[in-house]
Every structure is written in C-alpha cells, then in structure tokens.
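Engineer: What follows is the residue order along each chain.
Protein chains: 8
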Amino acid sequence: MRQGFPEVIFGQGKTAAQIARIAQAIYAQGAAVLVTRVSPEKAAEVKRLMPQLAHEPEARCLSAPAKQPPPPGKGKVAVVAAGTSDLPVALEAVLTAELMGSKVERVFDVGVSGLHRLLAAADVLRSASCFVVVAGMEGALPSVVAGLVDRPVVAVPTSIGYGAAFGGLAALLGMLNSCAPGLSVVNIDNGFGGGYLAGMIDHLG
Amino acid sequence: MRQGFPEVIFGQGKTAAQIARIAQAIYAQGAAVLVTRVSPEKAAEVKRLMPQLAHEPEARCLSAPAKQPPPPGKGKVAVVAAGTSDLPVALEAVLTAELMGSKVERVFDVGVSGLHRLLAAADVLRSASCFVVVAGMEGALPSVVAGLVDRPVVAVPTSIGYGAAFGGLAALLGMLNSCAPGLSVVNIDNGFGGGYLAGMIDHLG
Amino acid sequence: MRQGFPEVIFGQGKTAAQIARIAQAIYAQGAAVLVTRVSPEKAAEVKRLMPQLAHEPEARCLSAPAKQPPPPGKGKVAVVAAGTSDLPVALEAVLTAELMGSKVERVFDVGVSGLHRLLAAADVLRSASCFVVVAGMEGALPSVVAGLVDRPVVAVPTSIGYGAAFGGLAALLGMLNSCAPGLSVVNIDNGFGGGYLAGMIDHLG
Amino acid sequence: MRQGFPEVIFGQGKTAAQIARIAQAIYAQGAAVLVTRVSPEKAAEVKRLMPQLAHEPEARCLSAPAKQPPPPGKGKVAVVAAGTSDLPVALEAVLTAELMGSKVERVFDVGVSGLHRLLAAADVLRSASCFVVVAGMEGALPSVVAGLVDRPVVAVPTSIGYGAAFGGLAALLGMLNSCAPGLSVVNIDNGFGGGYLAGMIDHLG
Amino acid sequence: MRQGFPEVIFGQGKTAAQIARIAQAIYAQGAAVLVTRVSPEKAAEVKRLMPQLAHEPEARCLSAPAKQPPPPGKGKVAVVAAGTSDLPVALEAVLTAELMGSKVERVFDVGVSGLHRLLAAADVLRSASCFVVVAGMEGALPSVVAGLVDRPVVAVPTSIGYGAAFGGLAALLGMLNSCAPGLSVVNIDNGFGGGYLAGMIDHLG
Amino acid sequence: MRQGFPEVIFGQGKTAAQIARIAQAIYAQGAAVLVTRVSPEKAAEVKRLMPQLAHEPEARCLSAPAKQPPPPGKGKVAVVAAGTSDLPVALEAVLTAELMGSKVERVFDVGVSGLHRLLAAADVLRSASCFVVVAGMEGALPSVVAGLVDRPVVAVPTSIGYGAAFGGLAALLGMLNSCAPGLSVVNIDNGFGGGYLAGMIDHLG
Amino acid sequence: MRQGFPEVIFGQGKTAAQIARIAQAIYAQGAAVLVTRVSPEKAAEVKRLMPQLAHEPEARCLSAPAKQPPPPGKGKVAVVAAGTSDLPVALEAVLTAELMGSKVERVFDVGVSGLHRLLAAADVLRSASCFVVVAGMEGALPSVVAGLVDRPVVAVPTSIGYGAAFGGLAALLGMLNSCAPGLSVVNIDNGFGGGYLAGMIDHLG
Amino acid sequence: MRQGFPEVIFGQGKTAAQIARIAQAIYAQGAAVLVTRVSPEKAAEVKRLMPQLAHEPEARCLSAPAKQPPPPGKGKVAVVAAGTSDLPVALEAVLTAELMGSKVERVFDVGVSGLHRLLAAADVLRSASCFVVVAGMEGALPSVVAGLVDRPVVAVPTSIGYGAAFGGLAALLGMLNSCAPGLSVVNIDNGFGGGYLAGMIDHLG
Ligand SMILES: Nc1ncnc2c1ncn2[C@@H]1O[C@H](COP(=O)(O)O)[C@@H](O)[C@H]1O
Ligand SMILES: Nc1ncnc2c1ncn2[C@@H]1O[C@H](COP(=O)(O)O)[C@@H](O)[C@H]1O
Ligand SMILES: Nc1ncnc2c1ncn2[C@@H]1O[C@H](COP(=O)(O)O)[C@@H](O)[C@H]1O
Ligand SMILES: Nc1ncnc2c1ncn2[C@@H]1O[C@H](COP(=O)(O)O)[C@@H](O)[C@H]1O
Ligand SMILES: [Mg+2]
Ligand SMILES: [Mg+2]
Ligand SMILES: [Mg+2]
Ligand SMILES: [Mg+2]
Ligand SMILES: [Mg+2]
Ligand SMILES: [Mg+2]
Ligand SMILES: [Mg+2]
Ligand SMILES: [Mg+2]
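Residue numbers (numbering that gives the first Met the number 0), protein chains in the order written: chain A, 0 to 204; chain B, 0 to 204; chain C, 0 to 204; chain D, 0 to 204; chain E, 0 to 204; chain F, 0 to 204; chain G, 0 to 204; chain H, 0 to 204.
Keep in mind the hints are simulated off the structure, nothing from the lab.
Being a predicted model, the structure only gives us computed values, none of them experimental.
Don't take each hint at face value.
Unchecked claim - Partner residues aside, some chain H positions facing chain G, computed with beta carbon under 8 Å:
#, residue
1, K73
2, S128
3, V153
4, L175
5, N176
6, P180
7, G181
8, S183
9, V184
10, V185
11, G192
12, Y195
13, M199
14, I200
15, L203
16, G204
Even for Gly, the Cβ is constructed at its ideal location relative to N, Cα and C.
Based on the provided sequences and hints, a complete structural model is requested.
Structural biologist: Here is the structure:
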C-alpha cells in the first residue's frame, strides 16, 4: 500500500529466526525492509539466514531496499544530533529516510551548550526542507533549531542521560513544551519514527 | 520573517491591555495576529481596545489576517476530533491553519468507540494532504486515523477527561506510543501548534 | 470452594522446588493447577519433580486439569491480541479460561493501526459472550473492540513497548480512560486475571 | 443498537442547554437517558428544559427510563461502599444498573477497618451474581469482597481522600494489584462504568 | 548509647570485607550486630572473616547478640505477613525485634483475600502489644489488622508484585491512606525499620 | 471498644448537618468526639446544632471529651514543628493526644536550617516518651529529631510548600527514607493520625 | 549573623497581620526585610500596618532595606529571562540581589527560539560575574546561557506553561539535565533563592 | 577557552577506545582531562592506550592535569558527605575541584541522624568559602550544612537508597525544597557538576 515506504521490524525482543521470517515475507513482496534495534550478534545470525540484508552496526539496523527504487524526495532532510551517544538513534533516522528515497544531510556534534558549532552549520540548516533533531538529557536542541528555521522539525528525545533524565522523560517533556512553532515529537529513542515522518513530508506535493 | 505565518499570543494569564498592546505591535507590521485561550469577557475587553480583531468564541480566539493574503496551501488540511468537549482545541487548529492560507476540512464527532462514523468519513480523509487529530481521555483516535491514511498526522492530546486521564497525560502517552508511522505529537491542548505544523506542511514544496 | 476454578501459582521468583511443592498440594486436592511466568529451564526442572504438569512454552505456563472436568461455559470466550510480543500474555489468558472449561477463540494479529484485519474478524467477535483484549504500547485495541461489541471486555495492558510506554503504564491509562462502556481493566501483564474473569463470566447464569 | 442499555451524557463541563439538547435526541429514539455529574443548580435548569428527566441529587444524576422497559436481569447486582463520601459514585452505579433492568442491592457503610459489619452482610453478598465495589483512600474493600465471593467484582476507585491519596491514584493502584481473582477495575469515580458492566453481566446468558 | 539496640549494616552494595570490618568494630564495643540484605555467597565470605556471626538465610541476615543480654520487652511483638514472597522482609523484622530482647510471634500466610485464616489467628493477634504487618502488591493487610486490634501497627510495604505494583509504590500508598488509626508506615522492604520500632515500643514504660 | 480513644470525623467535604448528626451519635455513646478540618464558618454552624462541641480555630477542630475521663498516659508526648504554616497540623496532633489523656509538650518554631533552636530544646526532647514531628517542604526535621532521641518518632509530612514540594510528596519521601531508626510515617497533613498513634503508645504498658 | 543579607517572609498563605508582625520584628533588628508572593490587596493591607515597606507590584514583593547599607558586591549580577510571564519571578531575584548590595543587570525578553536577541546581549552577558536565569515551559535558556559564559549560572525554573509543563516540572528536569558545567538549580518559582545565591557569590572574596 | 577548567568525558556507555581517542584530543590541547564513571576494567584498558592518565578507583575517574598548572583558588572548597556509599560521588567532586586548582577539605562520615559528628566539624565548615554536600536517601544533609554556614552550598543528591528513594528522587526533591538560602542543586550523582561549580566559585573575584 504505502509505496516506497519501508516496513519496519522492531528487532529487540525477537529471535533471529523470527526476524528473518518476517523480513523475508516483506522482501518477497518487493517492499523495503528495515530491522531496528539489533545487536551485532543477532545481526550476524539474521544475515546468515537472509544474506540480502545489509547491516549498519552504528545504526543497529539491518535493511534491504525495495525492489523498485522509491521516488526521490522533493528536497533534503537534515538529521541533527548533539552527542555521540545519540548517534545510534540519529543514524536509524538517517537510514529510514534514505530507504524512502530522501537525500539526507547529517549535522552531528552540535549542541546547545556550544552554540557556535550549531550556528556554523546555519547554511546547511537553511537548505533542508525538513528536520529530524535528536537529543537526550535536557533535550533543548530541537527547540533551538526550530527557532533558526521555518520548516517542520521532528524532535526525537533519547534515553541517554542519568539521574533526573529518567530514561528520556526530561528530554521528552522539554521538547513537548518548546515555544518554537513547527515542532512535533515522537517517542523516546524512536529514530525510525522521526526519519519516517521526515521522509514522508519530503515526498509530499 | 516567517511570511504568511501568524504570530501567536497565549492569552491565558495576560490582561486585556497586555494582549492589545502586543497584538497591535504585530498588526502594525502587517503580520497575521492570533490570540488563543481568551474568555468571552476578556475577548470583549480586548476588542474594545482593538476592534480590528475578530472573535471566535468556540475556538476561544481573537484574530486578524495578515495585510497581504498568505500564499494558498498545496492541498487540504483535515482537522479530526471525537468529542464535543475537544472542539475548542480543534477549532484553534482550524483557525490557525486557515490564517496561514490553508483550506481546512472539519471531521468532527468521530470516535474510536464508534468506528462506523470514522469509516464513513474515509473519502474525506483520503483527500487531505495533512491531518490534525485531536482527542482527550484515552487518545486513541490519531492512531486509528494514521492507520487509515498515508499522510502526516499531527496528534493533539487534550486535557479533557477525569480520574486516570491525569489532565491529558493518558492521551499524550497513548499518542506517543502509537504504532502507526507518520504520526507525531504536540503539547496537551496545543491546537495552535497542531494547526501551525499542518499549515506549514501544507505550504511546503 | 471455587469449583472447577484453577489455583494459580505465580512462578516468577520462586524456585522449582517451591513451585512443585505448592503444585502437588493443589493437585492432591483434585483442583486444577496453573503455574504462570516460568522460564523454559525452570519448567523442565519442575516437570522432573512433577511429571503430571503439562508445559506450554509460548504461554510460559505449566498446568494440570482438575480431577473432575469443570462444567462447560455458557458461550465462548474470545481472546484478542494485536502484536506478536503480546502473545505470551494472551496465551496465559487462553489457557486459564480453557482450564475453567470455557471454549476459547483466538483472534490474534489484529491492531488499531490496521483496522481492516480487525473488521474482517467481526463475525467471530459477534459470536463470543465475553472478551479478553490484550495490548501493549498505546493500548487502544480494547476500546475499539468494545465499540464493536455489546459484551463484557476485559482489557489486559502489557509491558511491551519502549520509551514513553513506561512498562505498560501508557497502555494501562489508555484502557482506564476508554469511552466504551462494558470495558474493565486488570493489572499490567495479568493474562491469568483476564482469562479467569472471562471464564467466570462465561460460567454465570 | 444496545437494547435496553442507557446512553450516558457526562454532564460536567457541559451547559444545561447542551445537556438538554443531547438528552432530547436520545429520548426521542426511545432509549434510556442518563446524565451524570450534574450539580443541583444545573439539574434544575435542565429539568426546566426537559421535565421528563428525574433528578437524584445524591447520585448527582438526571435520568429517564427507556420507552420499552428493559429485559430484567438474571440475578441481582450488589453495590458495596465503605464511606459516606463514596456514596455519590456508588449511587451512580446503582442508578445505571437499575436503568438497565437489574435488581440492585445496596451494601453501604462497610469498611475494611471494621470487618464485622462487612462479615455481617455475608448472606447478602452471597446472593448476588455480580458486584460493584466502590472505595477511596486505600481502596482495599474490593479485594476483601472478592475474597469472600466467587462472582465478578467490578472495582471503582474514588477520588476521595487527601495527601498521598493523590486524587484516587492510591485506590486505583491498590485495586489493580489485588490478589483476588475475578476482580477488574474501571476509571476513578466511574460509577456509571461500574454499574454498566455489572448490569451487562447480569443480563448475559 | 542506645542500650540493647542493635547497630545495623545495610549489606547490599558493600563488599564482604567492608561488612566484616564495620561488624567487628560494633562487636568490639559489645553491641548487637545486624547485617541485612546479604546473599548466601556474601554471607559465607563474611562468616569466614568473622565466624561469630550467625547466618539466617531466609531473613538474608547475619547477626550477633550483644555482649550483655538486652532487657526483655514488656509484652509480645506480632509479625504478620501474607505471601511467601514477603517472608524475607518479615523475617528481617522478626530477627531485629528478637535481638532487642522482645518475644516475637509469627503470623504468616494470612491474606486479605482469604479472611478466614486471618480471623482464625484473632486470639494471637489480641495477645500482642505491638504489630509489624508486612505486605506487597495491594498492601491491604495492615489496614485490616489495625481494624481488628487496638495496638500500634507498623506497616511494611514490600516491593513484591509486578505491573502497577511499581516496585512497592502501590502497597506504600495503600498503607499511607489507611483509615485505621494507630497505623504508621516505614520504607518499602524495610523489615529492619519495622522490627526496630516494634521492639522499641515493646520496651517502653 | 477503644476505651478512651476519640472517634474522629473528617470534616472536609461534609455539611454541618452531616457532621452534627454523626457527632451526636458518638457523643450519645459517651465517647470523645473529634472533628478535623472544619473552616471557621462551618464550625460556627455545627456549634449552633451541637453546642457541646468546643472549637479550636488554629487546629481547625471541634471536639468534646469523653463522658469518662480517659486514663492518663504513662509519660509525655512531644509535638515538634518547624514553620508557622505547619501549626494547624501540629495542633490537630496536640488536641488528639490530649483527648486521649496524654500530657503534651509543644516544641514549635524549631527547624533544621537553624539547629541551635532545636538543640536548645534538647532537655524537653529527652523528657518525652514519644514524639510527633510535623514538617513540610523538605521534611528533614523528623530525621534530625530521631537522631537526638531514643524514643518512637511519628513523622507527619505537611502539604506546605510550593514548586517541587508537590503537595507534600517531597516531605513524605524524605521522611520514608530517613536513616534514623525508630521513625515511622503517616499520611500527608494527618495530624490526627500522628497524635493518635503517639497517644496510643503513651498509654501502653 | 548573615550581615547585610535579607530575612525573607514567604507571604503566600499568611495574613497581612501575620506578615506585618514578623516583618516588624526583623525590621526592629535593623536587618533588611523581604516579603515575597503578596497580592496587591494584601500588600496594601500590610503597608497600612507597616508603612516603612516599599511595594513592587510586578515583583509581588514588599521590602525595606537594612539599617546599615550592605557592603557592595564585587562585580555584577545578571538576571536573564525569556518570557513576560516569567517576569515576576525574575524581578523577585533582582530585588533580592539589590537588597544585598549587588549591582543587577536585567536581560529580559531573550529566548532560545529566537537566539539573535540573546546573542545580541552577549557583551552584557560577558560583563557579569554571576547569572540568574529564569525560564518556564521547556526551560532551555539557562543551558544556552551557561554555554556562552564561564561564570556560575543559577537556574530558576518557573511554573509558567500548560499541559506537559506539569507546573514547572518540565523546566526543572531540563535544567537539572543540562550538559553545561557551572549551572545549578533552585526550586520552581524560587526567584528569591536564585537572587540570594547570586548576591552571595557576588559578595565572596 | 575555559582556562584551567577540565574537559569532562562521561565514561559510562563509551568504549575504552572511544574514551582514549577523546581524551587524547583534549590532552593534545594542553587542557586538563577528566573521565568519570569508569569501571576498574575499563580504566585499565584506557590506561593501556593512554598511560598519561591517572586512575582513582574510589572516585571511578581517570584524569590528567592541564599542561599549565591552573591558577590557585581564592579560598577552600569543603566536600561534605554522610554515608560511605556516597563516597564515589563525593570523590568525583573532590577530584574535579582539585584539577581546577582549588584546595579541597574532605568532611566525610557526618550525617543528620548523628548531629554531633557534624557539629564537631563546625570549625572546618566555617573555614571554607564554598561547599559541595553529597547525600542520598532522604538528602537532608545539605540543608543542615547550609543552616550552619553563610557560604554557597552546592547540593548533590545521590541514587543511593532503596524503596521510596526512587533512584535519588527523594534526595533531589528534599534538596530543592530546602528552606536554607544559599543552596542550589545539581543532577543526581553529578559529583563532577558539584565540584566544577564549587571550583568555579572558588576562583571568582
Ligand atoms: N552540547 C550539548 N548540548 C546539548 N546536549 C548535549 C550536548 N552534548 C551532549 N549532549 C547530550 O548529552 C548526551 C550525552 O552526549 P555524549 O556524551 O556526547 O554522547 C546526549 O543525549 C546528547 O544529546
Ligand atoms: N467515541 C469516542 N472515541 C474516542 N474518544 C472519544 C469518543 N467520544 C468522546 N471521546 C473523547 O472523550 C472526551 C469527552 O467527549 P465529549 O463528552 O463528547 O466531549 C473527549 O476527549 C473525546 O475526545
Ligand atoms: N491472600 C493474600 N492477601 C493479600 N495479599 C496477598 C495474599 N497472598 C499473597 N499476597 C501478596 O502477594 C504477593 C505474592 O505472594 P506469594 O506468591 O504468596 O509470595 C505478596 O506481596 C503477598 O503479600
Ligand atoms: N528552619 C526550618 N527548617 C526546616 N523546615 C522549615 C524551617 N522553617 C520552615 N520550615 C518549613 O517550611 C514551611 C513553611 O514554613 P513557615 O513559613 O514558617 O510557615 C513549613 O512546612 C515548615 O515545615
Ligand atoms: Mg521555526
Ligand atoms: Mg498512516
Ligand atoms: Mg461495547
Ligand atoms: Mg472471589
Ligand atoms: Mg486498631
Ligand atoms: Mg532515635
Ligand atoms: Mg559555562
Ligand atoms: Mg547558610
């Protein structure tokens, strides 16, 4: 139904055999396959059962493109992240949007407590048609980005942090309370959800 | 800066005089003005100070269009709501998107515990390019809508409910945990935020 | 006292020896025995001590029927579940109701973000006298089912999910806030509780 | 559709005019009407607009029976409550089940910190086919009742209490964690929901 | 200072060497020593370093009496518990009060969903001067006991349970909201605290 | 049954007529009557209906002694409080213990951020046999007192505070986590519960 | 003891007479007096009783300087705030630091979703020796400021916001999770606490 | 930029290789390096890759001083802690402030339930210009210290505790609600943040 849109398999809590079976069913229909949250060991096992899948260890994902290449996006999706600990979630978003046919720009290692790096990336920011902004702990980055641009910002809180981060709750609440219009939020650590919505917006019109 | 996009004033907790002063400054620049969360009494007081503002009591809003009519949207925004108690929030979203130049379709009085009404509206749903779905209590409606369409769904939880609704928390959590991709969430009762993001998406491309 | 009703042993946190000892005491009285939440390893150990118990690994249960077969139920219990991750909880409910003498219909792999599969099962739904509906994450399924039928719906939230699922809290709150009358809720992951109540209702009259 | 089952209007937050308009539409179809959570003042206003409604101030309800008397229940519903502060919620449950055609027994002023009164009512308890048990603060009553009987117990937590009662949260959690099988829970203060489910169970078979 | 009162060492998170060093310092002063929350392995290691300590595996405790036997209590402390899972906490309370010189009566395996066993123990209950009542999950037992007796009841919530038990929070809130006067509460799983306060009360006068 | 112990009526949420009716029934049996949480207006109304009641406006209580004077306590109860805002709760405890026949010492206006005043009261502290310690905000006072004395300390958290006091939750948690043995906790603002338990302990032996 | 440091009276929940009595006692000792959280009506009443107090309605404060002017600070305190709704809290901080003898710079109407205004104030920011940064809703401002400066930043969350702001909780958590070192946090709406700590730091050395 | 201030690497969740790479980059610039939250095993691995780092196992830290010795502080920082379980966090604060050039006084093993030890350290307390006070469980120590001194107190809650400690939440809330002015709070277990702020204040002027 959803042409060119990947079907996702949440890999955590599933066995390699379960994953391979579901992935093969999707693959057989010609759709793009994306498996998220797979450990290196489980990924290797799944690949043994289904060698067509490519493994991106940093994104913790396995994937295969659709039989038919998806239509290209209208513009460019920017995926923005502050800390290196957030990269797995950010790269899950990157991979998702790319599977959907979108061009993706990575803007990593920019954080609100070092604004100069973010401001230095301003040109890149202005060239994108849609944003996925990934942040843990206090979760202020999406709000600052949304204040700099006039395009949709999909905020992805991460569970990175300790103490009063409460597993991503602090970041989630911060993003929901942003004063910057054009910003919306998906579930904690939901890089797939952020990338999917950005890819969908990038294909509208 | 944001051409054709309204500047919003959160009316709650501000005096009529404060509202009128800020509204006039925005108006003087030719931008669209939107004041949300104003009681009928306060609205009347503000209008006495600034008669150019129109009052929509059901949306609890005051507004004035931009001097230059905004560019029209690319498609159509659908604002969907279940209960009559959610209407003020839904109408705030409607008004916001309309001020931005979008065509808006209202799909009201459809709920997950009476699916037939929602399914009867399926044609309307399929014709829209972007959705704002407003729901309180359990907050399941956005998820069901997102399962029926392949367009961005902006979910707006409301504070309507009692007991374990916890002022909109139950609806908020339900929406954040939706399995339907393409769905993102704004703050509880943030009809403006939902309408703004939908209007923005409707103007992309 | 409760004729034909199984006595339950919560297996988690108990040793195989403890489980076998309690199970044998119940068995000696002729009552049905049900042990929930047992890992495959512990199940094997318990069976070595008490070979009369049958092991259902997917339901994570050990059980033995009552000496006297229980009186049959008046109608049919339907156990409904959306995701494959929820199946252990759903199967615990199935097993419980079956031990009580009820006929049980399984309606699995139906979810609110893919309504067509649920609607396709409408006939089955209408034929049951009582429902157990199991769901994690957003937990919207029981509400949708309760909107389609006029029979008691026992909603069982599961701890499946991540991030803002908060270990089943989101699903629990969603179910408690349902607008559909006839729906009530048991504890997170309490498949036994759901199956027991449904079996009890199915034996009334 | 739901024959003999009342349509409910949540009166809180609606004007007398809104209530009367919805109530008249239901009444015109011959269905039973139930309006919950109406203050004495609002009730008087609604009655002026729609004199067919009867007012029960203690239950905070307005109601009118269905045109056709509902089929009688199969047994008897017992509504049990501890404190006088819980009576409005308990009476809402009583009224709901009676509108559905059930015989209802009131077992009031029995509490877990004075077991003798509850035990004295044991005969009445044993004669009912279904229970609605209403309690605030610690919420232990439903669990104790469910331990005494072998019939479905619908537990209704109330918001009565102070301090760590947290608006009914303590009672709600207590009920969800009951060890007594056959017990399920509805939303805080949801007397209607408890009475409706009990009435529905009483009409099965 | 506190004559005859044991000094406690919270064993969890401490190494055997740390525990032995602190225990020996207390022992050298002639005071009673109590180490709580020690695993069997750690207990064995500590005993190798300090053979004077006695190990009670079910209570998860190591202990040594004071050099001078403590003065006897004035009456009798009753330690009451419902489930077998709560026994480690209950036995920690027993051991603490006994080290202080109190006579302790165990009233185990009595629960609110099977009142007859509790009522059968009524004579024992009436003979005690102070109560420690231990319960997990819904935590209703202390309230029921306090309704049966006119002596101080120290309620100890446990972390036993799952789902909406939230690690003992449900039991804690239930106990804090009890309507039975004479009841007070200590921290979740704090068997030592319950036994200590009961032993202290038993030595007053 | 409970000789010399007052029967309490929680006045909040009850009408003057309801209060007077219940109070008269208790009074007729010769027991002590205590009504808590009554506003000055309601107190006046109740007194008009039942002039035997005495009003203590600072404690927000109405009361009448038992027909038979209660037996005197064994020692002395000390009620300790830090802020003037906590006085209504502290005085409710004072009144309760006095109605039970205990001698009560007031130790007010001592706080942990001004230790000298507390240390200055050390003699008084040492002379009491039981303590009620009332505190809001951070709730540290009971822990400090319990460190200074070797007698039971009943901690009463109050809802006094703002922001992260969360209606008494911060004080409640602080008290439950105290390292000082001999300390137990009652519900937020439950001055009656604190005074009752202290009075009960003071009458043991 | 604390020379030149004001004594604070939390005005909320106290009567005008109580406030005046405490304020006069402080004033008589020659210390600076500060009363926070007073409504205009109560302020007028207090002033009638104690005309020496000055009223700052926007800060919701009454105050009188110490008899001896306090020693001047070593540098300059900057009080930074984003929204107009946060001004009462910010001005409470300003007034507190000024009463202590500090020079205070106001940097108002700068917010993270409009970074240019904050960056434009960079010179002022760099000239201060200590910062009080006040913000509600998402609470990201202190973190951004702390990233721009190398001086202590006292973050003051406010209760401004709605929905998932949860009365200042979102802002509080955001600030506690800031990655910017040099930042610490006081209670929600505690402008006094922020100003006091900044004034204290400004007087060190 | 921040001269003499260490750059911190949060070691938890990073591999030894990642840590060594980032540490070497900082070291190459001549800045002080601090790695927090490293297990003994990981520390050994990192040291193999970068032998210049010193390991303090009790503080769970690796560090290297700046090339240029930092300017000395103006006074003395006191780091105060109650329990031995809090020492890792307290020592992280000590190490941080020392790396910044501050003299640090350790005041360990002082707790609110044994005031005499704290009062015995009063002279040391009075000699410091800034305080870091570390406490878990009830978290009352910072408040008591702040009441004894007139200098800034940075409160560091720890996750030490069980049951209603909720991973440091109880301590955090207690500290935020302290009545003692001059006190501010950093994140749970954030010894680095406490030491850094104290070191910064100690270098002002
Ligand atoms: N400069 C920054 N601004 C905002 N957040 C940051 C910054 N640096 C790191 N973070 C967040 O801190 C957490 C840990 O980052 P890292 O240690 O770099 O992996 C992540 O959730 C980041 O999003
Ligand atoms: N059929 C329905 N399905 C889902 N939510 C509903 C439904 N009807 C009402 N609601 C929600 O229940 C709350 C009260 O609705 P109402 O009384 O119609 O204003 C609102 O938050 C609605 O979104
Ligand atoms: N009959 C009962 N009444 C109340 N609580 C019970 C009862 N039986 C068990 N529990 C509680 O349920 C939990 C598990 O019990 P068990 O499986 O017997 O170890 C414990 O926290 C018990 O306190
Ligand atoms: N010195 C103190 N130490 C601890 N808590 C205090 C102190 N002073 C006041 N409080 C608490 O702060 C709150 C307000 O106090 P007050 O303004 O004096 O009524 C009350 O809950 C008190 O318990
Ligand atoms: Mg923007
Ligand atoms: Mg969709
Ligand atoms: Mg139904
Ligand atoms: Mg039962
Ligand atoms: Mg009692
Ligand atoms: Mg003590
Ligand atoms: Mg800085
Ligand atoms: Mg101080």
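Engineer: Hint by hint, note whether the structure agrees.
Structural biologist: Here is how each hint holds up against the structure:
1. Among the interface hints, the one on H:K73 holds; its C-beta lies about 5 Å from the nearest C-beta in chain G, closer than the 8 Å criterion.
2. A distance limit of 8 Å between C-beta atoms decides the matter here; for H:S128 the minimum to chain G is near 6 Å, and the interface restraint holds.
3. About 6 Å separates the beta-carbon of H:V153 from the nearest beta-carbon of chain G, less than 8 Å, and the hint is met.
4. For H:L175, the suggested interface contact is upheld, since its CB lies about 5 Å from the closest CB of chain G, less than 8 Å.
5. With 8 Å as the threshold, the beta carbon of H:N176 comes within range of chain G, its nearest partner Cβ sitting at about 6 Å, so the hint holds.
6. Given the 8 Å rule on beta carbons, the hint for H:P180 holds: about 4 Å separates it from the nearest Cβ of chain G.
7. A hinted interface residue such as H:G181 counts as satisfied when its beta carbon comes closer than 8 Å to some beta carbon of chain G; here the least separation is about 5 Å, so the hint holds.
8. Checking H:S183 against chain G by beta carbon gives a least distance of about 4 Å; that is within 8 Å, so the hint holds.
9. Because the beta carbon of H:V184 sits about 5 Å from the nearest beta carbon in chain G, less than 8 Å, this interface hint is met.
10. The beta carbon of H:V185 comes within 5 Å of a beta carbon in chain G, closer than 8 Å, and the hint placing it at the interface holds.
11. The restraint placing H:G192 at the interface with chain G holds, with a minimum CB-CB distance near 6 Å, inside the 8 Å limit.
12. Because the smallest distance between the Cβ of H:Y195 and any Cβ of chain G comes to about 4 Å, under 8 Å, the interface hint for this residue holds.
13. Because the closest C-beta pair between H:M199 and chain G is about 5 Å apart, less than 8 Å, the hint holds.
14. Among the interface hints, the one on H:I200 holds; its C-beta lies about 6 Å from the nearest C-beta in chain G, closer than the 8 Å criterion.
15. The interface hint given for H:L203 holds, since its Cβ lies 6 Å from the closest Cβ of chain G, which is under the 8 Å cut-off.
16. Here the hint on H:G204 is kept, as its CB sits about 3 Å from the closest CB of chain G, short of 8 Å.
Checked against the numbered hints given earlier, this structure breaks none of them.
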